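Student: These are the residues of each chain, in order.
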Amino acid sequence: DGGITQSPKYLFRKEGQNVTLSCEQNLNHDAMYWYRQDPGQGLRLIYYSQIVNDFQKGDIAEGYSVSREKKESFPLTVTSAQKNPTAFYLCASSIGVTGELFFGEGSRLTVL
Amino acid sequence: AQTVTQSQPEMSVQEAETVTLSCTYDTSESDYYLFWYKQPPSRQMILVIRQEAYKQQNATENRFSVNFQKAAKSFSLKISDSQLGDAAMYFCAQETSGSRLTFGEGTQLTVNP
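Keeping their order, the protein sequence lines are chains A and B.
Be aware that the first sequence starts at 1400, since it is given in my numbering, and climbs by one per residue.
Be aware that the second sequence starts at 4, since it is given in my numbering, and climbs by one per residue.
Derived from the structure by calculation, the hints contain no laboratory data.
Treat each hint with caution, since some may be false.
Pairs of lysine to aspartate or glutamate residues, derived as DMTMM-like cross-links and limited to a Cα-Cα distance of at most 25 Å, are as follows [said to hold, decoys possible]:
hint: 1; chain 1: A; residue 1: LYS1456; chain 2: B; residue 2: ASP29
hint: 2; chain 1: A; residue 1: LYS1456; chain 2: A; residue 2: GLU1468
hint: 3; chain 1: A; residue 1: LYS1408; chain 2: A; residue 2: GLU1504
hint: 4; chain 1: B; residue 1: LYS76; chain 2: A; residue 2: GLU1499
hint: 5; chain 1: B; residue 1: LYS58; chain 2: A; residue 2: GLU1499
Only a predicted model underlies this, so the values are computations on that prediction, with no experimental measurement involved.
Modelling step: build the complete structure from the supplied sequences, incorporating the hints.
Tutor: Printed below as a string of structure tokens:
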């Protein structure tokens, strides 16, 4: 079945550590996105990529980094520079024409 | 910057009744897409309905329909014959340039038996 796989589902990290969240899709979509979800704030865009080897900052990119070496993969690294990293992270992809997003199940990051 | 506003943080409805969730947005573009997504307790985001701005006819998907008022920049979601499985957080979203979506803050819908 086609879809988006995020891992890990739950992740704990100590302050000062970098952590990488995985996102893999087999939908053959060109565009991929990372959103952050905090209670009462909806979803905010961190980074997005419309094509391999290219990506753009979203609204809250500070403290995060991404790569897009393969069409299927768009990992997100939460660096130690991110001041408040505890959140729920959602990866999504789209064909890019209609704007409709297909989402993974999310990853919950907790900084101890 | 584009903004999407959902003015109802929480709503409740009796099973089998109808409920309407409100959404307003702000854009200078003439052609765009609008969406309603549902996020149940599992946290998996699910597309409920989509509206293309150049289409005057309101979109409908079974028990879900929208009231799209382009001039007023309003995009409300109506759920008819509400079911217990409709209980979820609902997000309104607008497509911005580059196929990015801007989301509202969400409305938590409770369905009472």
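Student: Which of the listed hints are not met by the structure?
Tutor: none
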